[in-house]
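Sequences listed follow chains P and S, in order. Quick note: the first sequence uses this note's numbering, first residue 1, plus one each step. Quick note: the second sequence uses this note's numbering, first residue 1, plus one each step.
No wet-lab data here; the hints were simulated from the structure. Don't take each hint at face value.
DSBU-like mimics (lysine-lysine), calculated; alpha carbons at most 30 Å apart, straight line [stated by the list, open to error]:
no.: 1; chain 1: P; residue 1: K64; chain 2: P; residue 2: K14
no.: 2; chain 1: P; residue 1: K14; chain 2: P; residue 2: K55
no.: 3; chain 1: P; residue 1: K41; chain 2: S; residue 2: K104
no.: 4; chain 1: P; residue 1: K66; chain 2: P; residue 2: K41
no.: 5; chain 1: S; residue 1: K57; chain 2: P; residue 2: K41
no.: 6; chain 1: P; residue 1: K41; chain 2: S; residue 2: K68
no.: 7; chain 1: P; residue 1: K64; chain 2: P; residue 2: K20
no.: 8; chain 1: P; residue 1: K20; chain 2: S; residue 2: K104
no.: 9; chain 1: S; residue 1: K104; chain 2: P; residue 2: K66
no.: 10; chain 1: P; residue 1: K41; chain 2: P; residue 2: K14
no.: 11; chain 1: S; residue 1: K81; chain 2: S; residue 2: K104
no.: 12; chain 1: S; residue 1: K68; chain 2: S; residue 2: K57
no.: 13; chain 1: S; residue 1: K57; chain 2: S; residue 2: K104
no.: 14; chain 1: P; residue 1: K14; chain 2: P; residue 2: K66
no.: 15; chain 1: S; residue 1: K57; chain 2: S; residue 2: K76
no.: 16; chain 1: P; residue 1: K55; chain 2: P; residue 2: K20
no.: 17; chain 1: P; residue 1: K20; chain 2: P; residue 2: K41
no.: 18; chain 1: P; residue 1: K55; chain 2: S; residue 2: K104
no.: 19; chain 1: P; residue 1: K41; chain 2: S; residue 2: K107
no.: 20; chain 1: S; residue 1: K104; chain 2: P; residue 2: K64
no.: 21; chain 1: S; residue 1: K76; chain 2: S; residue 2: K107
no.: 22; chain 1: P; residue 1: K41; chain 2: S; residue 2: K76
no.: 23; chain 1: P; residue 1: K14; chain 2: S; residue 2: K68
no.: 24; chain 1: S; residue 1: K104; chain 2: S; residue 2: K68
no.: 25; chain 1: P; residue 1: K55; chain 2: P; residue 2: K66
no.: 26; chain 1: S; residue 1: K107; chain 2: S; residue 2: K68
no.: 27; chain 1: S; residue 1: K81; chain 2: S; residue 2: K107
no.: 28; chain 1: S; residue 1: K57; chain 2: S; residue 2: K107
Ranges between beta-carbon positions, derived for each pair [stated by the list, open to error]:
no.: 29; chain 1: P; residue 1: W10; chain 2: S; residue 2: P7; range: 17 to 23 Å
no.: 30; chain 1: S; residue 1: Q79; chain 2: P; residue 2: G53; range: 43 to 49 Å
no.: 31; chain 1: P; residue 1: W10; chain 2: S; residue 2: Y70; range: 37 to 43 Å
no.: 32; chain 1: S; residue 1: K76; chain 2: P; residue 2: K14; range: 46 to 52 Å
In this text, a Cβ means the ideal position worked out from N, Cα and C, and glycines have one as well.
Each chain, letter by letter, is given below.
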Amino acid sequence: GAVVSQHPSWVICKSGTSVKIECRSLDFQATTMFWYRQFPKQSLMLMATSNEGSKATYEQGVEKDKFLINHASLTLSTLTVTSAHPEDSSFYICSAPIRISENSNQPQHFGDGTRLSIL
Amino acid sequence: GQNIDQPTEMTATEGAIVQINCTYQTSGFNGLFWYQQHAGEAPTFLSYNVLDGLEEKGRFSSFLSRSKGYSYLLLKELQMKDSASYLCAAPVAGAGSYQLTFGKGTKLSVIP
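Construct the complete structure from the given sequences, taking the supplied hints into account.
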């Protein structure tokens with residue numbers, strides 16, 4: 001079954017609206033979560049690393065005031081796209097990494113993604 | 001830094017075999033991953049190679065040559081449902097966990 005739950009799976013809203021996307025780790029704690037964005041026919045691009053109890057780390061070119069990340073608990077990270085515009089329309093995916101000490105051959109568990117369409 | 005290259009698109013016939021190549025340049029090696037991603041869905045894990053050689057898993061196999069910075073994903077007995085993007089990814093060890101850098105993906109189209 002799913003180990004990372006992402007919600008909502010699909011959002012359609014008007015330009016200027018703020019949209020919140022939730023990413024939950026199920027049955028395990030995730031002190032770190034990753035947020036990716038994928039435009040059509042392009043690869044996954046890391047936007048930011050969400051850190052529980054501290055500020056998120058943003059990749060170059062990603063506006064931290066535009067994409068607000070909150071990681072208030074060990075099982076929940078949220079991404080809020082503030083004042084969304086049509087160019088923010090994309091597929092957003094979160095993931096929770098596996099601890100290296102767990103010696104797993106899967107580095108991350110992915111959520112199912114959120115398709116955001118701004119009209 | 002990380003640099004991962006793979007072909008943009010490939011087309012193959014149902015029932016055939018296809019090989020998707022990936023070359024990588026990484027600062028520190030922590031293995032190489034292959035993911036499958038259908039349109040509009042999140043990636044799903046296919047394989048992980050950390051040692052040289054071929055890892056076989058059913059119809060899918062993955063090969064790694066660390067000295068050449070090269071990997072390939074081999075898909076046998078292609079089925080229509082194998083039409084998807086295949087992403088090569090290299091992990092970077094961070095603070096106790098892995099961050100992944102993805103290639104741009106190879107879109108595979110399987111035709112009858």
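Against the structure, the hints come out as follows:
{"no.": "1", "hint": "P:K64 - P:K14", "verdict": "21 Å, holds"}
{"no.": "2", "hint": "P:K14 - P:K55", "verdict": "29 Å, holds"}
{"no.": "3", "hint": "P:K41 - S:K104", "verdict": "9 Å, holds"}
{"no.": "4", "hint": "P:K66 - P:K41", "verdict": "24 Å, holds"}
{"no.": "5", "hint": "S:K57 - P:K41", "verdict": "27 Å, holds"}
{"no.": "6", "hint": "P:K41 - S:K68", "verdict": "28 Å, holds"}
{"no.": "7", "hint": "P:K64 - P:K20", "verdict": "14 Å, holds"}
{"no.": "8", "hint": "P:K20 - S:K104", "verdict": "27 Å, holds"}
{"no.": "9", "hint": "S:K104 - P:K66", "verdict": "25 Å, holds"}
{"no.": "10", "hint": "P:K41 - P:K14", "verdict": "24 Å, holds"}
{"no.": "11", "hint": "S:K81 - S:K104", "verdict": "21 Å, holds"}
{"no.": "12", "hint": "S:K68 - S:K57", "verdict": "23 Å, holds"}
{"no.": "13", "hint": "S:K57 - S:K104", "verdict": "24 Å, holds"}
{"no.": "14", "hint": "P:K14 - P:K66", "verdict": "16 Å, holds"}
{"no.": "15", "hint": "S:K57 - S:K76", "verdict": "11 Å, holds"}
{"no.": "16", "hint": "P:K55 - P:K20", "verdict": "17 Å, holds"}
{"no.": "17", "hint": "P:K20 - P:K41", "verdict": "24 Å, holds"}
{"no.": "18", "hint": "P:K55 - S:K104", "verdict": "28 Å, holds"}
{"no.": "19", "hint": "P:K41 - S:K107", "verdict": "9 Å, holds"}
{"no.": "20", "hint": "S:K104 - P:K64", "verdict": "24 Å, holds"}
{"no.": "21", "hint": "S:K76 - S:K107", "verdict": "16 Å, holds"}
{"no.": "22", "hint": "P:K41 - S:K76", "verdict": "25 Å, holds"}
{"no.": "23", "hint": "P:K14 - S:K68", "verdict": "49 Å, violated"}
{"no.": "24", "hint": "S:K104 - S:K68", "verdict": "20 Å, holds"}
{"no.": "25", "hint": "P:K55 - P:K66", "verdict": "14 Å, holds"}
{"no.": "26", "hint": "S:K107 - S:K68", "verdict": "24 Å, holds"}
{"no.": "27", "hint": "S:K81 - S:K107", "verdict": "13 Å, holds"}
{"no.": "28", "hint": "S:K57 - S:K107", "verdict": "21 Å, holds"}
{"no.": "29", "hint": "P:W10 - S:P7: 17 to 23 Å", "verdict": "31 Å, violated"}
{"no.": "30", "hint": "S:Q79 - P:G53: 43 to 49 Å", "verdict": "46 Å, holds"}
{"no.": "31", "hint": "P:W10 - S:Y70: 37 to 43 Å", "verdict": "38 Å, holds"}
{"no.": "32", "hint": "S:K76 - P:K14: 46 to 52 Å", "verdict": "48 Å, holds"}
Comparing the model with each earlier hint shows violations of hints 23, 29; every other hint is respected.
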